[in-house]
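Here is what each chain is made of, one letter per residue.
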Amino acid sequence: MRPLRWLSTIPLRLGSLFRSSQADRELDDELRDHLALKAADYVANGVPPAEARRRARLDLQGVEQTKEQCRDARRVNWIEDFVHDLRFAARTLRKSPGFTTVAVLTLALGIGATTAIFTLIDAVMLKSLPVANPEQLYRLGDNNNCCVMSGTQNGGSFVLYSYPLYEHLRDHTPEFSELAAFSSYVSNLSIRRAGSAAESFKGEYVSGNYFAMFGLRAFAGRLLFPSDNLAGASCVAVLSYHTWQERFEHGPAIVGSTLDVNGFSCTIVGVAPEAFYGDTLRSDPPDFWLPIAVEVDNRLQNANLEWLYLFGRLKPGSSPERLQPQLTSELLAWLGSHMEVVPQRDWKDVPRQHIRLTHGGRGVEQMQRDYAAGLRLLITLAALLLLIACANIANLLLTRGSAMSCETAVRLALGAPRGRLIRQMLTESLLVATAGGAAGLYVAYAGTRAILLIAFRGANFVPIEARPSLLVLGSAGLLSVLTGIAFGIAPAWMASQSDPMDALRGTARSTPRRFSVLQRYLVIAQVGFSVVLLAGAGLVMQSLRNLEGQNFGFVSERRLIANIDLSLGGYTPDGLTGLFQRFQEKLPQIPGVVSASLSSYSPLSGNNWNQRVYIDGKPPDYHWTAPSCDRVSPHYFETIGTRLLQGRTIDERDTLGAPDVAVINETFARRFFANENPIGRRFGMDKNHPGEYEIVGIVEDAKYQDTRGPAYATFFLPLLQTPRAGRVNGWFNTVELHVAGIPENFESSVRNTVTGLDPNLVVVNVVTFGEQVARNFNQERLIARLTELFGALALVLACIGLYAVTAYRVAQRTGEIGIRMALGAGRASVLGLVSRDVLVQVGLGLAIGMPVALAAGRLLAHQLYGVKSSDPWILGAAALVLASFASLAASIPAWRAVRVDPMVALRHE
Amino acid sequence: MSKPSDLVQGTLDMLLLKILALQPMNGFAISQRLKQVSGDVLQVSDGSLYPALHKLEQEGWITAEWKTSEYGRRAKYYSLTRMGRRHLEKETNNWGRLSSAISRVIELEKV
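Residue numbers (this note's numbering), protein chains in the order written: chain V, 1 to 909; chain P, 1001 to 1111.
In case anyone wonders, no lab produced these hints; they're calculated from the structure. Virtual Cβ for every residue (Gly too), placed ideally from N, Cα, C. Please note: incorrect hints may appear among the correct ones.
[Unchecked claim] Okay, the calculated bits of chain P under chain V, using three or more residues with CB under 8 Å as the criterion: (1) 1021 to 1033; (2) 1054 to 1060; (3) 1077 to 1085.
[Said to hold, decoys possible] Okay, the calculated beta carbon distance ranges per label pair: (4) V:G474 with P:K1067: 46 to 54 Å; (5) V:L473 with P:L1022: 52 to 60 Å; (6) P:L1022 with V:R25: 24 to 32 Å; (7) V:R25 with P:A1101: 41 to 49 Å; (8) V:D72 with P:L1022: 25 to 33 Å; (9) P:R1097 with V:D72: 54 to 62 Å; (10) V:D72 with P:K1067: 25 to 33 Å; (11) V:D72 with P:A1101: 57 to 65 Å.
Between the sequences and the hints, there should be enough to build the whole structure, so can you do that?
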């Protein structure tokens, strides 16, 4: 019955806690009553009234002491004490606003930075797709190769599938309750609502059981059914909730309405659930999901085009380990009966083809892979910053503790138990930590939003919440409490150890040595950590500067890029010639346009087309990756600022009927025509017709895809000389303009010109060339900005720490300095006295920090571009910046020491 | 003077509970009664009495009530609770065992 009894007393205890003032009054009454009765008793026994009252009090052995014992007896003191401690701590903290502000801000920054990064890690790396039982989902494939392939796959691991192959796997694998397919890329859709111009949207083609596989239910209307994905079925589409809200003004009539999608009439059958952003966490996720059957060119039957990712929901009890080899044998069986889809040169690779089953709960882990290294780096930096912040807090608390050691001594002398003192000081640091943690959450929220803006520059919508999740909130709360305890306990314990006699006797002159020793270690650690962060910031900053400032092989200034969607059919190669000529006519007429061109894609836009070539007069060479290929109009190279090195560029001569020509870049020339003159040589895309294109010019290398590696071997074909049987879709998607003036100002005139030429054309976006290039460095920029920020914060914190310690030391030694000066010490020697301390701390910090910075730099090396991780200039600059700022911070109190008036100093005590 | 700490641990609690088991009374009356029944042998100082009472109250063994005393002033009257009665029974039994054991030891010494 023991625990029950304990439980039953809780209301009594809490009651006396909350009625504490009433209980105190009652206690007063009770004792007063007792004294009156006792005195009356004495009087009755013949004692005079005054003496009777005195004896009654004596019997009580001190009224106040008895009261205190009664309160003790109530045994709620730990709660009551805590409340008292809290009030007391709040009062003392209010009394020293400088300390409180610095401490809370420091912690807010440390915890805020860590929480912001952790929020991102949680959202990007840890969260599952918002679907039913994501742990049952498996993906058929272990990499993110995109987008369209044929035959065997890189490394033998299958990840892209044709629709017939998907059907084969779906029908032969009963272990999946559903096996769904969806396109590996998001497509641009041109959508016309009744009575308005075409707009650009993103769409994804999915199998009919896509939503069933995810176990989703429509927010409104219905989702897709397998019957929607049959050849000849009428076109239906599912709208994403976000798009419905943002671009369809969440009109309830949307379900059942009809839109014109890429020239076909499509019915919106439903709106997807609110949280669902698709199968891949990415910026600008699909606005529409459409059945694969809707895609043109009969993809349901096409076994040559491998373009689908496969996800399946495993039935409970099925083992993925057993399923994996089974899937591989299904794949090999299918390939064996469809050898015509594999080019003959790859037949030897067929037996190596296999399927890896990987966890699919987080969807296609594209962003997860892209950001893993960056986030790891950032969380490390944030943790480092938090450590520095903690060291700073501990330092401040120590300084405060030693400044208050006199007060502590008095309290000890008056009989305060040490445990109680420690508890009270801990309460204070916990209060600071909690306030810092709360402020940190705000910093984290704002920080995460800012980070998302930097990381996804150019995106309209990122399905990542800046709001910290419960997991993050809990971790941040725990973190702040832990910091509070960890960095409050040492100063509290030390302060409580002070000997009341010492402190009372010596007052301010006796410096408790252990304070200053620990403080110095802390400052040294801070300096060390800070120099690591500063050096890292310098390296990353320089790397980004090198990346952005490199010679790309084109000029991005005063250039504007407009991406256009031609997918709204209706153009035959001949019709395209007309459109193309009208473009060529109208664009240069826009006032301020220097030159204009068209192309399939522009540099660093995220596009890259590869095409295997066969050089006339040379044996086929499969050793190299297929060179890149782009289709361009006349004036293309001068518009984007790529120099012609030899021969001629593509010009007005190169029309549909004229001889087929090509321009190649330096790398192409070097790779296929080492020591030969490529001009006049021929190549082709078909082994049997290697003489299709004549090389007429060589241009300088320009980077189109990879910003860090060398330019790819590339050839350029005239826009109008497309393969005879090619599709119109994708012939040209991009307009480039070289303008005089600010490129942004030309956006509306470009849009007007395009819609003026054909209202069915969709301008997907207009962006300056500089911005398009800059978006390639989003992650690098994010890391650089954050590292710089963290470095700057670390520097500030280290300076605060150094300032606090030096100021405190100077204050402690004011008397000593006064005596020295009275005895004839000059200002220089006093300055030396103070600054020697500072120099030793900074020097030791640097001595520890620099090797760590070197080691840390080596971990960073693979992310750096054009700068060695041991770059002496950057490391030296980091050390110099730190040393000078630290000296600056310490010089303020040092000056105060120099200006000490000996008389004032001596009287000071 | 016999201090309460000299009393066997928990004995004071038991004595107070026993006295309150007979009738509710205020602190002063309790001290008088204690002196009276023990023939002045057990003197519990006023300074120890009140903390002890408050402790018992906190444990839930006794409960207090404000009443107007015979002198016309408000006084705090303590009375035994059901839980206190059970505790008293247990303590009394313990005490019986303890005292008889001690007595046996003392008699052994005499021989």
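Evaluation of the provided hints:
{"no.": "1", "hint": "1021 to 1033", "verdict": "holds (count 4)"}
{"no.": "2", "hint": "1054 to 1060", "verdict": "holds (count 6)"}
{"no.": "3", "hint": "1077 to 1085", "verdict": "violated (count 1)"}
{"no.": "4", "hint": "V:G474 with P:K1067: 46 to 54 Å", "verdict": "holds (52 Å)"}
{"no.": "5", "hint": "V:L473 with P:L1022: 52 to 60 Å", "verdict": "holds (58 Å)"}
{"no.": "6", "hint": "P:L1022 with V:R25: 24 to 32 Å", "verdict": "holds (29 Å)"}
{"no.": "7", "hint": "V:R25 with P:A1101: 41 to 49 Å", "verdict": "holds (46 Å)"}
{"no.": "8", "hint": "V:D72 with P:L1022: 25 to 33 Å", "verdict": "holds (28 Å)"}
{"no.": "9", "hint": "P:R1097 with V:D72: 54 to 62 Å", "verdict": "violated (31 Å)"}
{"no.": "10", "hint": "V:D72 with P:K1067: 25 to 33 Å", "verdict": "holds (26 Å)"}
{"no.": "11", "hint": "V:D72 with P:A1101: 57 to 65 Å", "verdict": "violated (32 Å)"}
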